[in-house]
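Peer 1: In order, the protein sequence lines correspond to chains A and B.
Residue 2 is where the first sequence starts when you use our numbering, and the numbers rise one by one after that.
Residue 2 is where the second sequence starts when you use our numbering, and the numbers rise one by one after that.
Source of the hints: derived by calculation from the structure; they are not laboratory data.
Glycine included, C-beta positions come from ideal geometry on N, C-alpha and C.
Some hints here could point you the wrong way.
Some but not every residue of chain A turned toward chain B, in silico, with C-beta under 7 Å [claimed, not checked]:
hint : residue
1    : Phe-4
2    : Gln-120
3    : Ala-137
4    : Ala-147
5    : Ile-163
Where chain A lies over chain B, by a calculated footprint (3+ residues, C-beta under 8 Å) [claimed, not checked]:
hint : region
6    : 32–38
7    : 88–94
When the alpha-carbon atoms are kept at most 20 Å apart in a straight line, the in silico DMTMM-like pairs for lysine to aspartate or glutamate are as follows [stated by the list, open to error]:
hint : chain 1 : residue 1 : chain 2 : residue 2
8    : B       : Lys-248   : A       : Glu-109
9    : B       : Lys-95    : B       : Asp-224
10   : A       : Lys-248   : B       : Asp-228
11   : A       : Lys-95    : A       : Asp-228
12   : A       : Lys-214   : A       : Asp-290
13   : B       : Lys-46    : B       : Asp-259
14   : B       : Lys-248   : B       : Asp-224
15   : A       : Lys-248   : B       : Asp-108
16   : B       : Lys-100   : B       : Asp-224
17   : A       : Lys-248   : A       : Glu-273
18   : A       : Lys-214   : A       : Glu-169
19   : B       : Lys-214   : B       : Asp-94
20   : A       : Lys-46    : A       : Asp-228
21   : A       : Lys-95    : B       : Glu-109
22   : B       : Lys-95    : A       : Asp-224
23   : A       : Lys-100   : A       : Asp-224
24   : A       : Lys-100   : A       : Glu-173
25   : B       : Lys-248   : A       : Asp-108
Here is what each chain is made of, one letter per residue.
Number of protein chains: 2
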Amino acid sequence: MNFPDWVTYIQQRTETALQTILPAASLAPCRLHEAMRYAALGGGKRIRSLLVHATGSSFTHAKPEQLDRAACAVELIHAYSLIHDDLPCMDDDKLRRGKPTVHVEYDEATALLAGDALQTLAFQVLAETSVSATAAGQIEAILLLAQAAGSHGMAGGQAIDIASAGHEITREVLESMHVRKTGALVRAAVLIGARAGEGVLDNRRQRLDHYAKRIGLLYQVVDDILDAASDTATLGKTAGKDASNGKPTYVSLLGLTDARRFAEDLLSEAHEALAPLGERASRLHELADFISHRAF
Amino acid sequence: MNFPDWVTYIQQRTETALQTILPAASLAPCRLHEAMRYAALGGGKRIRSLLVHATGSSFTHAKPEQLDRAACAVELIHAYSLIHDDLPCMDDDKLRRGKPTVHVEYDEATALLAGDALQTLAFQVLAETSVSATAAGQIEAILLLAQAAGSHGMAGGQAIDIASAGHEITREVLESMHVRKTGALVRAAVLIGARAGEGVLDNRRQRLDHYAKRIGLLYQVVDDILDAASDTATLGKTAGKDASNGKPTYVSLLGLTDARRFAEDLLSEAHEALAPLGERASRLHELADFISHRAF
Chain A
2 MNFPDWVTYI QQRTETALQT ILPAASLAPC RLHEAMRYAA LGGGKRIRSL
52 LVHATGSSFT HAKPEQLDRA ACAVELIHAY SLIHDDLPCM DDDKLRRGKP
102 TVHVEYDEAT ALLAGDALQT LAFQVLAETS VSATAAGQIE AILLLAQAAG
152 SHGMAGGQAI DIASAGHEIT REVLESMHVR KTGALVRAAV LIGARAGEGV
202 LDNRRQRLDH YAKRIGLLYQ VVDDILDAAS DTATLGKTAG KDASNGKPTY
252 VSLLGLTDAR RFAEDLLSEA HEALAPLGER ASRLHELADF ISHRAF
Chain B
2 MNFPDWVTYI QQRTETALQT ILPAASLAPC RLHEAMRYAA LGGGKRIRSL
52 LVHATGSSFT HAKPEQLDRA ACAVELIHAY SLIHDDLPCM DDDKLRRGKP
102 TVHVEYDEAT ALLAGDALQT LAFQVLAETS VSATAAGQIE AILLLAQAAG
152 SHGMAGGQAI DIASAGHEIT REVLESMHVR KTGALVRAAV LIGARAGEGV
202 LDNRRQRLDH YAKRIGLLYQ VVDDILDAAS DTATLGKTAG KDASNGKPTY
252 VSLLGLTDAR RFAEDLLSEA HEALAPLGER ASRLHELADF ISHRAF
């Protein structure tokens, strides 16, 4: 399958798997379940799911259904984080993926609870059916997800992000924020993919982790570039939001040209990390290009 | 050890275990970690922890340290739910356990993220070190916690609670709300205790589950009674809040006398469920009394 067809294929698989995993909107409490489905279905590039599938199918002999569930768990954490990030007390965003954000479409209380319940569901998915050939592997996948989402990962990055608005910060602080806020979950997608099925246990795992760290940061640098260089219609969310919120970004810190150069460096490093893994890593190689391709 | 001494002993063990499990406030992001500690430490009756320990130590041969971790996981979910319930878009409460609520002491964004990160930490705790003698038991404990916390459990009950404000609801709807909102996690405390160590696998488990369901509901009926019949200083949180918010409760639906009678019935049923388990169940018997004792 060529790359664009594969992307579409995995995106559709993920949508179908999420449709099944999410509680039906006809089940009580209906409004909550509706809001959870509204937030988690029908949108997004599903980068995290693509990373889980690309890693798992190339390196672990995992069944596609196991990868679907691992991918859904990561996507559910991502969906929860977007709902909470968009709330008025956080980024106060009205638009996401070209649709009204959850608290605009429903209400704040429902958005809060939908985010909470999506986070819980992510862990439930990983506990309900094994994504790994062993119970120990299943537990490790749960731990990887928790570490990526928690106060040393995504939630911690968000806290630094909120605190940094309106302040000048160093490049080191910016990197540490981005590594947590976006990088941790993108990295977890690769590591959980590598933990699926029989798992990747030799030094190929270190290679994959190095790749994962580079694209985790790359993803956020590209996001900073797109926020500064695109319009709202193209983004499907409010453009120029970081600048108007006084949020430090790679563009505000380095300027557009150097931010692009930094993204190019990260892309090269990601490709280099994969090189010794040979042909098997071709999907991951293409995914690194895919993540960066709108930024140059 | 007599019952009051045992309660104090377990409460202190739980506090110590939580102190260790929660990230230090000196670790970045400091404000987030401070808020997490503020919310989870130094307060509460630790009913859920007492239930984990009483069940686990009497029926499963679990090590006390395993029960500490299981208890902390349940208490962390409880702590997260209180932070989010108190937010302005939910119950908008200013006082909790005699202290300003987290969003009052810190700010709304920090409170939101602290709740999010405490939920994640609960799952991380159960994934990091086994509370069970087997990996399968560990996974089952994680699943029990997720089912209790999610949209069919605690978060779902909260959604029904919010939606019911200002509306007349039937006793059936009220019960279904309470069973989810408070009952699910109280029940999970018993079931996770029963899943610790070597686990309780015979028909004693059904007995414990029946007990757990009764006290889960009892806990909320008692809460309704106390909210109506106490003052703010005694409660450590704003009294009469349910009535002023137009929230249906057992007191608003049945009146104080019949609500008390219902609580007495639930207490008897909880005791009856334990009777065939003999002496081993004595702590759980005492805990049922402890849960209800301020209501009569």
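Peer 1: Indicate, hint by hint, whether the structure satisfies it.
Peer 2: Structure-based check of each hint:
Because the smallest distance between the Cβ of A/Phe-4 and any Cβ of chain B comes to about 33 Å, over 7 Å, the interface hint for this residue is violated. Here the hint on A/Gln-120 is kept, as its CB sits about 6 Å from the closest CB of chain B, short of 7 Å. Evaluation of the A/Ala-137 hint against chain B yields a held restraint, the C-beta minimum of about 6 Å falling below 7 Å. Given hint, A/Ala-147 at the interface with chain B, holds; its Cβ is 4 Å from that chain's nearest Cβ, closer than 7 Å.
Interface restraint check for A/Ile-163: the shortest CB-CB distance to chain B comes to about 5 Å, inside 7 Å, so the restraint holds. Residues of the region 32–38 of chain B with a Cβ under 8 Å from some Cβ of chain A number 4, which satisfies the need for three, so the listed coverage holds. Residues of the region 88–94 of chain B lying with their CB closer than 8 Å to a CB of chain A number 3, which satisfies the three-residue condition for coverage. Taken as a hint, the B/Lys-248 and A/Glu-109 pair is honoured in the structure, with Cα atoms around 18 Å apart against an allowance of 20 Å.
Restraint check: the Cα-Cα separation between B/Lys-95 and B/Asp-224 comes to about 18 Å, which is no more than 20 Å; the hinted pair holds. Using a Cα cut-off of 20 Å, the hinted pair A/Lys-248 and B/Asp-228 is violated, with the two alpha carbons roughly 44 Å apart. Pair hint A/Lys-95 plus A/Asp-228 holds up; C-alpha atoms about 15 Å apart against a cutoff of 20 Å. The straight-line distance between the Cα atoms of A/Lys-214 and A/Asp-290 is roughly 15 Å, inside the 20 Å bound, and the hint therefore holds.
A hinted pair counts as satisfied when its Cα atoms are at most 20 Å apart, and B/Lys-46 with B/Asp-259 does not qualify at roughly 26 Å. Among the hinted pairs, B/Lys-248 with B/Asp-224 is consistent with the structure: their alpha-carbon atoms are about 13 Å apart, no more than 20 Å. A distance of roughly 18 Å separates the Cα atoms of A/Lys-248 and B/Asp-108; the hinted pair therefore holds under the 20 Å criterion. Proximity of B/Lys-100 to B/Asp-224 is assessed by CA-CA distance (about 19 Å); at most 20 Å being required, the pair is judged to hold.
In summary, the hint linking A/Lys-248 to A/Glu-273 is not supported, as the alpha carbons are separated by about 32 Å, beyond the 20 Å threshold. With a CA separation close to 25 Å, the supplied pair A/Lys-214 and A/Glu-169 exceeds the 20 Å bound. A distance of roughly 28 Å separates the Cα atoms of B/Lys-214 and B/Asp-94; the hinted pair therefore is violated under the 20 Å criterion. A hinted pair counts as satisfied when its Cα atoms are at most 20 Å apart, and A/Lys-46 with A/Asp-228 qualifies at roughly 16 Å.
Taken as a hint, the A/Lys-95 and B/Glu-109 pair is honoured in the structure, with Cα atoms around 18 Å apart against an allowance of 20 Å. At roughly 38 Å between alpha-carbon atoms, B/Lys-95 and A/Asp-224 are farther apart than 20 Å, so this suggested pair is violated. Restraint check for A/Lys-100 and A/Asp-224: the C-alpha separation of about 19 Å stays at or below 20 Å, so the hint holds. Between A/Lys-100 and A/Glu-173 the CA atoms are separated by roughly 34 Å; this puts the pair beyond 20 Å, and the hint is violated.
Between B/Lys-248 and A/Asp-108 the alpha-carbon distance is near 18 Å, which keeps this suggested pair within the 20 Å criterion.
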